[in-house]
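Colleague: If you read the protein sequences in the order shown, they are chains E, V, P, Y and W.
According to this note's numbering, the first sequence is numbered sequentially starting from 91.
According to this note's numbering, the second sequence is numbered sequentially starting from 2.
According to this note's numbering, the third sequence is numbered sequentially starting from 172.
According to this note's numbering, the fourth sequence is numbered sequentially starting from 915.
According to this note's numbering, the fifth sequence is numbered sequentially starting from 779.
Some hints could be false.
Taking lysine-lysine and the BS3-like style, the derived pairs with C-alpha atoms no more than 30 Å apart in a straight line are [unchecked claim]:
no., chain 1, residue 1, chain 2, residue 2
1, V, Lys-34, V, Lys-92
2, Y, Lys-1218, W, Lys-907
3, V, Lys-375, Y, Lys-1068
4, V, Lys-174, V, Lys-139
5, V, Lys-140, Y, Lys-1050
Since the hints were made in silico from the structure, they are not lab data.
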Amino acid sequence: MSKKIGDVILDINNISLSFGGVKALSDISFNVREHEIRAIIGPNGAGKSSMLNCINGVYSPQQGSITFRGQTFKHMNSHQVAVMGVARTFQNLALFKGMSVLDNIMSGRNLKIKSNLLLQALRIGPAEKEEIKHREAVEKIIDFLEIQAYRKTPVGQLPYGLQKRVDLGRALAMEPQVLLLDEPMAGMNVEEKQDMCRFVLDVNDEFGTTVVLIEHDMGVVMDISDRVVVLDYGKKIGDGTPDEVRNNEDVIKAYLGTSH
Amino acid sequence: QAKEQFFPLLSYRTGPYAPNGVPWANGKQDYLKMVNARDGGINGVKLTYEECETGYATDRGVECYERLKSRPGVAIFDPQATGITFALTEKVAADKVPLITLGYGLSVAQDGQAFKWNFPLMGSYWTAADILIQHIGKKEGGLDKLKGKKIALVYHDSPFGKEPIPLLQERAKMQGFDLQLIPVTAPGVEQKSAWLQVRQSRPDYVLLWGWGVMNSTALKEAQATGYPRDKMYGVWWAGAEPDVKDVGEGAKGYNALTLNTSGQQPKVIQDILKYVHAKGQGTGPKDEVGSVLYTRGVIIQMLSNEAVRRAQERFGKGKVMTGEQVRWGMENLALDQKRLDALGFSGVMQPLSTSCADHMGSTSARVQTWDGSKWNFSSDFIQADEQILKPMIKAGADKYLADKKMTRRTAADCQS
Amino acid sequence: MDTQKIVLSVNGIEVIYNHVILVLKGVSLQVPQGKIVAILGGNGAGKTTTLRAISNLLQGERGAVTKGSIELRGERIENLSPADLVQRGVVQVMEGRHCFAHLTIEENLLTGAYTRKSKAEVAANLEKVYAYFPRLKTRRTSQAAYTSGGEQQMCAIGRALMASPSMVLLDEPSMGLAPQIVEEVFNIVQDLNQKEKVTFLLAEQNTNMALKYSDYGYIMESGRVVMDGAAADLASNEDVKEFYLGVGGGERKSFKDVKSYKRRKRWLA
Amino acid sequence: MAFFLETLLGGLMAGMLYSLVALGFVLIFKASGVFNFAQGAMVLFAALAMARFSEWIPQWTGISSLLLANVAAFVIAGAIMFVVAWLIEFLVLRHLVNQEGATLLMATLGIAYFLEGLGQTLFGSSIYKIDIGMPKEPIFVLESAFQGGVLINKEDLYAALIAAVLVAALSVFFQKTATGRALRAVADDHQAAQSIGIPLNRIWVIVWCVAGVVALVAGMIWGSKLGVQFSLATVALRALPVVILGGLTSVPGAIIGGLIIGVGEKLSEVYLGPFVGGGIEIWFAYVLALGFLLFRPQGLFGEKIIDRV
Amino acid sequence: MLYRENGQFKTTYRADQQIFPILQDRIVVGLFLVFAFAAVPLLASDYLFRAILIPFLIISLAALGVNILVGYCGQISLGSGAFMAVGAYGAYNFFVRVPNMPLIPALILGGLCATFFGILFGLPSLRVKGLYLAVATLAAQFFSDWMFLRIKWFTNDSPSGSVSVADLQVFGLPIDSAQSKYWLCLSILVVIALLAKNLVRGAIGREWMAIRDMDVAAAVIGIRPMYAKLSAFAVSSFIIGVAGALWGFVHLGSWEPAAFSVEFSFRLLFMVIIGGLGSILGGFLGAAFITILPIVLSQALPALTRLFGYEMGTAGVSHAELMIFGGLIVWFLIVEPHGLAKLWAVAKQKLRLWPFPH
Ligand SMILES: Nc1ncnc2c1ncn2[C@@H]1O[C@H](COP(=O)(O)OP(=O)(O)OP(=O)(O)O)[C@@H](O)[C@H]1O
Ligand SMILES: Nc1ncnc2c1ncn2[C@@H]1O[C@H](COP(=O)(O)OP(=O)(O)OP(=O)(O)O)[C@@H](O)[C@H]1O
Ligand SMILES: [Mg+2]
Ligand SMILES: [Mg+2]
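My request is simple: use the sequences and hints to build the entire structure.
Modeller: Structural data, given as structure tokens:
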């Protein structure tokens, strides 16, 4: 499998973020290239999720800037980020609990819906067609994630692992250029992790989606990522290919421990 | 088929206004029981009734009305609440049942040529306000002495409380006193700012337009802010026992209008005690019989009965009257002192006679004063000033007719 | 296994959610005194439901045990309240953390000691938890909601330990924890098990770790126990190896080269 | 100036009285995450019990001392509130563990209806009197500084004192004791609280009991001011902006919120009201609360609303 | 096995996206509509129409509006009474001030006034959430109570502040008989319910629910909270406003601000919760429960006690009614915390499996 890794698509420059006394991120810089799978690893509380939150505009970093496709932002706005084609999954499931699996994933396509309120209310012509068009796209994702049987189930009732899949499905429905995944494989067994890896790799392969991945399972990270950033209590302590990182002294000390 | 005239009784025995609603409802019901027991009904027509709880809420009132309006032999409705009155005004015209609103409801409805089905008997808020101003003027030594005085109206912030304002403004213009309007949000449990305002402007008199819990609260706040109670005058809905009893001494000197006497001496009350309570069929407790609102209930029911009786005189004695016929009876009441005596109402109320043009029948009321344990009269019956009222009523009724695209009733219609 | 003293035995329970969704279809398992027992299985197999049934937390999910019985040291416990169970030394660490969001980490831990009346014991337990999870100590004054996912997981585990339990039901303790910490958590489990004779029943996805540390394992699939056995036996079973350990055919496969077709599990045939 | 002071003081006192009702809301919200719609009904119910028993006890036993009758009535009413709390837990809350706020809110509404019906059935629906010997006549202070002095209502003053004591005691209880901590834990997550052995049933009985006693005190004071009657339940609506402004979870917030709302609404009614026809105080109170919320969406002292992903 | 969807395969997404994808549902709903439009007018008495059916239809409409805001978008509103009042007074002013204003446009304009008012008081929702938001909506409630009492212009200078309308017509047909009023309300309800259903199952509905369930995540997938919340306020207050106008025009005929009091707002909220948040059907069930049950109780109770030879006074009846009503609310919640609609869904699911228990 050969894939072409392109130019830098997302560039994080000297981001610092703190909450009261806690420095969640201090002066972090790294970049993400088009089509690559970029992993972020680090011990608990290192600031990995916070980093994604900054990219997403959920948090506003106190310092630094983020460059996306050549445009530089001091702070991102969630809506704008989504429009620019960045999708995201969450560490502590942030699904829409009261909605069915189908609706959850459909909501990922809302940005693409053009018909206005009145048309939607009447549900005639273009509105209906549009709805069906998106439904088709969503059904593909549902097939892809193998959750056909749960289509109409409220997500709150699904077991944890499937909820994670739905979360991924919702992100995929946005047809993003950059996909941010926050521990997508937590709470899964090996078989399920393999499935998940397959999904991620397929997305990356077929659509050329750039993936930023946070994961604690080193097996997964080392196997599928192209480059890895290592954070430790807000600081960057390593950045490079899996092999480089694996052999980095600091990283071993701070995170990997001896068993890996 | 038994001959029965049916009286729907809309009442409220729960909710914020229950303390006042209960004696009122009991009076009506006891009078019906008494007439059945004593006279066997009206010329042999038995009187039946059914109570329906409205809780003072308009929508439930409408439901009660709809439920009871098509009962056979339905005579008349007394909704016991201003809000329900508004909602029913249109409906009774369509359903052809008269609506009696004794001492409340729309003031302009006195004009029977415009309001065919409404009967604000014995007084409206305009007459009440006018009588109070006259009384205060008399106390000051003449209406002209009111010039430069300050009178505050502390009122229930609803159409009920706002109704007297146009008349008071008219009077203020005429007599040259200062009218201060102080609304109290319903149901009136928090009145501190109202009384702070009273304390600030120190009006010479305070008129109290309250109902239910608002009245006793007002008296307590007056006491707490040191406003003299003997400068306070309530409408006849703010002058019953529940309003002052629990304030006790604190309400001493407080004055209120009344349409009727209270107490257990009148013959009709004695009859009720004898024919109803003595047999253990009383609706409420015995000691409530003859209280202000109870007696008012009795009067309302008596007037309704008299309307039926009057209608029977024209349309056939001993027959069950339709709503339309009762309306005619209501419009042609003629209760002189003799008739009142015969009915056992001597001294209880003023004589009254209605006509097609005048649906009120009498516009007088008197002032009573609370002495710490009971009500005593402190004035004679005072009549509202026709000169002032007439044009206002005419104008209001004309506007109503214009809005509704209706015309005044013709003389022929008055005969129907 | 019957030679050992059984603390907890679950006998053929059925669990229904919302009056209609049948989730557990006759699950039986035994937990011997002083051992570590693991429940393994894929997503939705019913592991969490089993633990909830034991600790009586089903009611809040509108679920109910409709058949079978659960016994703790010979006593039927289906009708006890969760608090009664904690009094009897059984504490559950819930899946998905469930820290008290508005309480600080330290307050969270102290609430965990609600059933402990001795001040000294509480203080000692607190020290012990901080010793196990030094990260918690540095974040002790933060509100739990504002700590990272892993910190919350540590908090949840620590909170359960504060009750000085004799038996702990752990639901996916390793989820979201960094590998080092995972190792640590299992070491703690082992530690408590050996030193303080605490019995563990754990539901885990990290089969590798679970089988390494536990004595006995049950494998669940769609509401049934499909296989059970000593941990070592399970670890050497071909199917388990392939599906749960990712080392089917002897070699660990790279996640990059996973096949996109799947072999059917033998027990589903 | 004197009048301004009077208005200010009046507002402060009215605010304290609101706080007393607000406190009940806060207690239950804090301890179980439930917005207790039945608080107004509880105030009414407790006050009715107190009023009727203080009337009945002298009749039944011939005790003529007002103080004795009142104390006995208070104790009996308190006991009744305890039974109510226990029944609420046993019949309602226990079956609704871990349900959403809206569901629990509805349940408290059901309780409110029930208590209103039961209260009036048992105790009647007239106006009743609670006479705890509060002085009714006003006093005047600072007569040397202002002509006519500044009027102070002694009754309000006592009521405010009682409210302050109650609030102080409850604040300490919540902040300093293990039970207080457990209550807060329950509010955050019923299930997790259960899982670590907090006996929800007992906690809820305790809290509803305390809230019942607070309702009784509120009912007693309001009742002694207004007379006990159905409308007493509606003071809850006046207390609502207080709770929200102070923060649903903060006991001291109930006090501060009460003072702000009390002063704000009285000043607005007295000084702004006349220009727009009056009657503005109730919506002004809400708008005032809203104004504060725009700056602090969780109320002045409320716990921060957490939404993290 | 009566209620089986087996064998009903959907071959197109259009078919699968119908409002009622299951054949039995479609038949039942169709029959029900025929019944409501054709059979009920033949069977029902005047009382049933005027006191129960018409108010029920109007309140259902209002509950539908409230459900969009509270149930679908998760914004707790206690100001529904205000939106109704604005709708009613707005429509009234258009109706009496504009010469020859037809009824339907007046209702719609009333709804639009409510929309405007709703958006205005919805603005705080951008910052204030949950129960705290209830304060904003209560502010709307008390402000509107005050406004319609105090500002004479709104009541066309009526001295008492109560207003009334007469001469209602739709396309030249007079709306005065009970049947005609019923048809009018039913038609409006059906049309609006259909439109609302389309909205909530479409993109905008998903936006509302997303905001309700997890607003941060919603923002991250590109939903603008401002647009979603304000559009929910707008749509919901439009529907509530139309309901308010109908309540004034068709049901009461003549009204004062107290007809739209805060109790009304509370009741609407309760209907939605007891019926089922986020369910159109739930709104109807809740409205039926909260409006019809007390009426039924008030009539059934005396009859029942009479059976046992005990005459119950109206006071006793209404107190007992309160207690039973409260008890029933609690009981239903214990059986199914997510409301009557959920109860119905569970029942259907059981039917689907019947005669097997699981
Ligand atoms: N509250 C609930 N209501 C309805 N169904 C539920 C509920 N909770 C769980 N279920 C169902 O029960 C089944 C088992 O779920 P459970 O959570 O026990 O699985 P699990 O083995 O713990 O999975 P995971 O490893 O993903 O946590 C699932 O199919 C799920 O859909
Ligand atoms: N909103 C916030 N307020 C206060 N502190 C925060 C907030 N968000 C994150 N933090 C703190 O910042 C640090 C980094 O948190 P973050 O969630 O980014 O960690 P993480 O690397 O994702 O860890 P984990 O692997 O455990 O998920 C933590 O110590 C956390 O407590
Ligand atoms: Mg994280
Ligand atoms: Mg699980």
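Colleague: For every hint, state whether the structure bears it out.
Modeller: Evaluation of the provided hints:
1. Straight-line distance between C-alpha atoms of Lys-34/V and Lys-92/V comes to about 29 Å, which keeps the hinted pair within the 30 Å bound.
2. Between Lys-1218/Y and Lys-907/W, the direct Cα distance comes to roughly 11 Å. Compliance with the 30 Å bound is thereby established for this hinted pair.
3. Of the supplied pair hints, the one linking Lys-375/V and Lys-1068/Y holds, its CA atoms being roughly 28 Å apart against a limit of 30 Å.
4. Of the supplied pair hints, the one linking Lys-174/V and Lys-139/V holds, its CA atoms being roughly 18 Å apart against a limit of 30 Å.
5. Restraint check: the Cα-Cα separation between Lys-140/V and Lys-1050/Y comes to about 29 Å, which is no more than 30 Å; the hinted pair holds.
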